[in-house]
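Note that the protein sequences, when read in sequence, are chains A and B. If you use the numbering used here, the first sequence corresponds to residues 413 to 846, in order. If you use the numbering used here, the second sequence corresponds to residues 191 to 554, in order.
Among the clues, some could well be false.
Derived pair list, reagent style SDA-like, types lysine to any residue, alpha-carbon separation capped at 25 angstroms [as the list claims (entries may be wrong)]:
id, chain 1, residue 1, chain 2, residue 2
1, B, Lys492, A, Gln718
2, A, Lys562, B, Thr551
3, B, Lys212, B, Glu193
Reference listing, derived: stretches of chain A covered by chain B, where coverage requires no fewer than 3 residues with Cβ under 8 angstroms from a Cβ of chain B [as the list claims (entries may be wrong)]:
id, region
4, 615-627
5, 672-686
6, 730-744
7, 761-771
To give a feel for the contact side, a few chain A residues facing chain B, derived at Cβ under 10 angstroms [to be verified]:
id, residue
8, Asn563
9, Ser717
10, Leu724
11, Asp828
Don't read these hints as lab results, they were simulated from the structure. Think of the CB as a built atom: it goes at the ideal place given N, C-alpha and C, for glycine as much as any other residue.
Residues per chain, in single letters:
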Amino acid sequence: MGILLTFRNILSNGISYEKDEDNLETSIINLKSKKEWLHSQKIDDLLDYFDALGQYWKNNVDENFGNNLKYVSEFLSRKNLVKELKISLRGNISSLDKFVNLFDDNEFSYHAQPRGISVHWIAGNVDVLGIFSVIQALLTKNLCLIKVPKNYSLFKNLILSLKQVSTKKIDGKDLLNCITLIYIDRSDLKNQEILSKNADIRIAWGGEEAVSTILSLKKNFFTEDIIYGPKYSYAILDSEFLKDNLKDSAQKLALDVSMFDQYACNSPHTIFIENNDPNFSIVKKFAKELSNSMESVNRLMLPKSQTSEKKLMEILSLRAEYDFKGEVFASKNMDWTVVYSEDEGLANPCFSRVVFVRPIKNAEEVGKFHNRKIQSIGLGIANLEKQEKIIDSITLSGGDRCPSIGNMSKFHSPWDGIFGMDRMVRWISMGNKK
Amino acid sequence: MTEVIDELLKMKPFSLKYLEKKPHFMKCVTESIKFHYTNCIDYQNYCKKKNFDPNKIKDISDIPFLPIDIFKKITLLSVPKSEIIKIVKSSSTTSNLPSIIHLDKKTVNRQIISLNSIITDFIGKEKLQFIIIDNKKTLETNNDNLSSRNSAIRGMLIFAKKFNCILDENLKLDLEILSELENIKNSKSCIFGFTWLIHQVLSQNENNEKIKEFFSKIPQSFILHIGGWKKLSNLSISKQEFNEKCSNIFNTNPDKIIDVYGMTEQLGIVYPDCKYGNKHVPMFSEILIRNIDSLEIQPDGKSGFIQVISPIPNSYPGTSLITDDIGEILGRDNCPCGRKGTYFIFKKRSEIADPKGCGDTIDI
Chain A
413 MGILLTFRNI
423 LSNGISYEKD
433 EDNLETSIIN
443 LKSKKEWLHS
453 QKIDDLLDYF
463 DALGQYWKNN
473 VDENFGNNLK
483 YVSEFLSRKN
493 LVKELKISLR
503 GNISSLDKFV
513 NLFDDNEFSY
523 HAQPRGISVH
533 WIAGNVDVLG
543 IFSVIQALLT
553 KNLCLIKVPK
563 NYSLFKNLIL
573 SLKQVSTKKI
583 DGKDLLNCIT
593 LIYIDRSDLK
603 NQEILSKNAD
613 IRIAWGGEEA
623 VSTILSLKKN
633 FFTEDIIYGP
643 KYSYAILDSE
653 FLKDNLKDSA
663 QKLALDVSMF
673 DQYACNSPHT
683 IFIENNDPNF
693 SIVKKFAKEL
703 SNSMESVNRL
713 MLPKSQTSEK
723 KLMEILSLRA
733 EYDFKGEVFA
743 SKNMDWTVVY
753 SEDEGLANPC
763 FSRVVFVRPI
773 KNAEEVGKFH
783 NRKIQSIGLG
793 IANLEKQEKI
803 IDSITLSGGD
813 RCPSIGNMSK
823 FHSPWDGIFG
833 MDRMVRWISM
843 GNKK
Chain B
191 MTEVIDELLK
201 MKPFSLKYLE
211 KKPHFMKCVT
221 ESIKFHYTNC
231 IDYQNYCKKK
241 NFDPNKIKDI
251 SDIPFLPIDI
261 FKKITLLSVP
271 KSEIIKIVKS
281 SSTTSNLPSI
291 IHLDKKTVNR
301 QIISLNSIIT
311 DFIGKEKLQF
321 IIIDNKKTLE
331 TNNDNLSSRN
341 SAIRGMLIFA
351 KKFNCILDEN
361 LKLDLEILSE
371 LENIKNSKSC
381 IFGFTWLIHQ
391 VLSQNENNEK
401 IKEFFSKIPQ
411 SFILHIGGWK
421 KLSNLSISKQ
431 EFNEKCSNIF
441 NTNPDKIIDV
451 YGMTEQLGIV
461 YPDCKYGNKH
471 VPMFSEILIR
481 NIDSLEIQPD
491 GKSGFIQVIS
501 PIPNSYPGTS
511 LITDDIGEIL
521 GRDNCPCGRK
531 GTYFIFKKRS
541 EIADPKGCGD
551 TIDI
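Hey, can you work out the whole structure from these sequences and the hints?
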């Protein structure tokens with residue numbers, strides 16, 4: 413007798429289940445039956461719907477999910493989504509509905525067809541980030557099969573709330589039918605493989621280990637992979653910029669660090685301050701100011717989540733280490749830690765609101781620490797020309813996005829170097845000449 | 191010149207009540223802290239950053255603690271390098287780095303006196319036939335990864351009149367060696383080893399009648415096991431299950447199975463279980479429990495990180511250390527076993543898991 417493998421069906425056909433089942437294929441067949449309905453929806457109507465959903469979340473859910481959700485609501489505005497779609501779909505969003513003319517090409521017209529089933533592996537740390545890929549998939553008319561993390565209640569509630577919103581053309585209940593949520597234990601490779609084999613798009617949000625496991629699963633020859641993570645982020649500021657923006661920069665970076673408790677790929681772990689003062693006085697001053705802001709953000713805006721004893725001890729040990737070789741500004745308890753040191757290079761991430769402030773003589777030197785694991789580089793450079801020169805130089809070997817500080821958690825395309833929605837469609841060309 | 195710590199070491203380890211012990215202990219700890227403050231500049235700077243003045247200690251809780259991990263990252267010395275006679279490395283189970291502890295003659299002597307005093311209170315003064323659950327090469331080698339086992343076993347051999355290591359090089363029970371031990375059957379004996387290794391041997395030999403038969407002829411041995419439960423945490427084996435297995439195979443009363451808590455960073459101080467399952471704090475140390483979030487001192491009966499304080503380390507500033515173990519003080523002076531002073535237990539860690547996700551890079 414073979415081993416009976418079960419998965420937890422959380423949401424299927426618009427109904428919340430919470431039931432252990434043993435036949436994943438049945439759920440997938442059910443989901444596939446919604447393909448025609450989703451394809452028949454007009455992009456304008458979908459945009460109206462998501463704009464309304466953003467409003468709904470902003471008005472109803474914000475209190476429960478704090479600032480993390482604020483960015484999702486902003487992302488869902490019609491204006492933003494049109495911009496995102498235009499960038500990804502070569503300037504014409506109607507290409508999702510029909511054949512359109514692109515770039516005055518009279519020879520061919522073009523249509524962006526959905527790829528089919530998008531399978532999303534959502535990371536435990538940043539389930540709200542996973543919402544972005546789900547919205548992108550639905551906008552490009554792909555069905556969504558979502559493997560949720562163990563602690564999935566927030567994600568499930570967000571998805572279930574789709575049925576609370578209806579617009580003139582779209583009933584949220586119908587759209588909810590296009591989404592299936594399941595939980596599979598990470599050791600259950602058999603069911604993971606069923607997911608993978610049924611995917612037309614595999615979207616993986618996760619760390620090194622999780623993503624490697626997903627990539628090793630068998631897939632169809634034409635399946636498109638979109639990998640978000642594992643990535644490292646940091647920020648660069650120069651002393652010129654800090655002259656007028658010290659407090660403001662500290663506040664913005666405290667938000668960037670505290671969002672997602674620093675477990676997201678876009679969370680900064682190191683802050684470099686370009687500075688030629690041998691006493692590094694402005695760098696130390698900034699570290700102190702940042703500590704004040706970390707305290708305020710924790711107290712007033714984003715209280716830190718519970719942390720394991722192991723991580724707390726790791727933080728304690730790191731604080732002691734830098735008490736010997738640098739300077740530590742930290743909360744009385746274990747909520748946040750700012751470490752000043754004159755060490756070179758990117759600090760190893762500790763996570764859990766531990767941020768390293770380091771002086772650097774020339775910001776371009778950071779480039780030598782770059783590889784493809786670098787994602788976001790938060791910027792606070794006074795001179796735009798200088799900023800462009802630095803970024804062009806350092807991103808040659810890695811680094812995917814360079815938002816201004818305070819916006820490091822704001823999702824936009826490209827993300828991890830990818831225009832997500834471009835990768836979620838198949839481009840069809842049709843000859844116009846008779 | 192006799193130091194106050196030497197006087198303390200002459201006392202019986204569990205003879206004084208908590209409040210009776212306090213002034214003696216405070217005096218020793220204060221002397222120890224002042225010594226490290228004066229002789230280890232790095233430690234002095236650390237204390238200054240914590241606004242700590244060793245001349246103003248009112249209570250042991252005032253003394254800043256170092257996380258035990260610090261010895262994996264930084265070398266701290268309170269005596270000249272030339273006085274170091276021994277370097278001990280901890281096992282590196284929770285990270286890839288071992289703690290490196292530099293010991294001078296004074297520290298080593300204190301450790302021996304302290305260990306002798308504590309252990310004999312549990313197993314008696316008579317030297318025993320030791321059956322070591324390990325391979326003899328562990329005692330010979332200088333291999334870094336084995337050095338913590340090496341030094342722990344060597345430390346215990348002061349209680350042995352004879353000893354035999356009964357595992358082969360693959361750390362499996364060596365039946366040939368056992369058969370050569372026929373002559374020890376009538377000796378008072380003590381089985382000693384690391385908890386995880388004993389568990390491994392027990393699991394491999396649950397149905398091995400030969401082993402059971404061999405031990406059935408040895409009268410009621412003590413079983414001392416050290417090294418903690420971290421290596422067994424993913425097996426979720428309880429202390430009770432472990433003791434039952436031990437008792438069944440080694441033919442001994444569960445009362446005689448002693449789980450000994452201690453750490454390389456404060457060698458010489460151990461906290462054995464009494465027959466009521468409580469760990470006892472000897473005269474030469476004290477423990478505090480700190481809230482895992484606020485790091486404030488917890489009242490008795492509340493769990494938190496275990497902080498260990500002992501004036502024994504002389505060559506390095508290891509007087510006050512915070513561990514990543516979770517414990518709870520059960521009481522003072524009133525354990526039914528009769529030992530005076532603080533007694534405590536280990537607590538299970540909470541099941542909070544740190545998130546893993548798209549920021550989780552193994553290296554950068």
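Tested hints:
A C-alpha spacing of about 18 angstroms is found between B:Lys492 and A:Gln718, which places the hinted pair at or below 25 angstroms, so the restraint holds. About 20 angstroms separates the Cα atoms of A:Lys562 and B:Thr551, which keeps this hinted pair within 25 angstroms; it holds. For the proposed pair B:Lys212 and B:Glu193, the alpha carbon gap of about 17 angstroms is at most 25 angstroms, so the pair holds. Coverage of the region 615-627 of chain A by chain B holds [criterion: at least 3 residues with CB-CB distance below 8 angstroms; count 6].
Beta-carbon proximity to chain B at under 8 angstroms applies to 8 residues in the region 672-686 of chain A; the threshold of 3 is reached and the given coverage holds. Remark: the region 730-744 of chain A is confirmed as covered by chain B, as 7 of its residues place a Cβ nearer than 8 angstroms to a Cβ of that chain, reaching the required three. Counting residues of the region 761-771 of chain A whose beta carbon lies closer than 8 angstroms to any beta carbon of chain B gives 3, which meets the minimum of three for the stated coverage. Annotation: interface hint on A:Asn563 holds; nearest CB of chain B at approximately 9 angstroms, less than 10 angstroms.
Look at A:Ser717: its Cβ gets to within about 8 angstroms of chain B, closer than 10 angstroms, so that hint holds up. Interface restraint check: A:Leu724 against chain B, minimum CB-CB distance 6 angstroms, threshold 10 angstroms, status holds. A distance limit of 10 angstroms between C-beta atoms decides the matter here; for A:Asp828 the minimum to chain B is near 8 angstroms, and the interface restraint holds.
Violation of the numbered hints given earlier is absent; every hint is satisfied by the structure.
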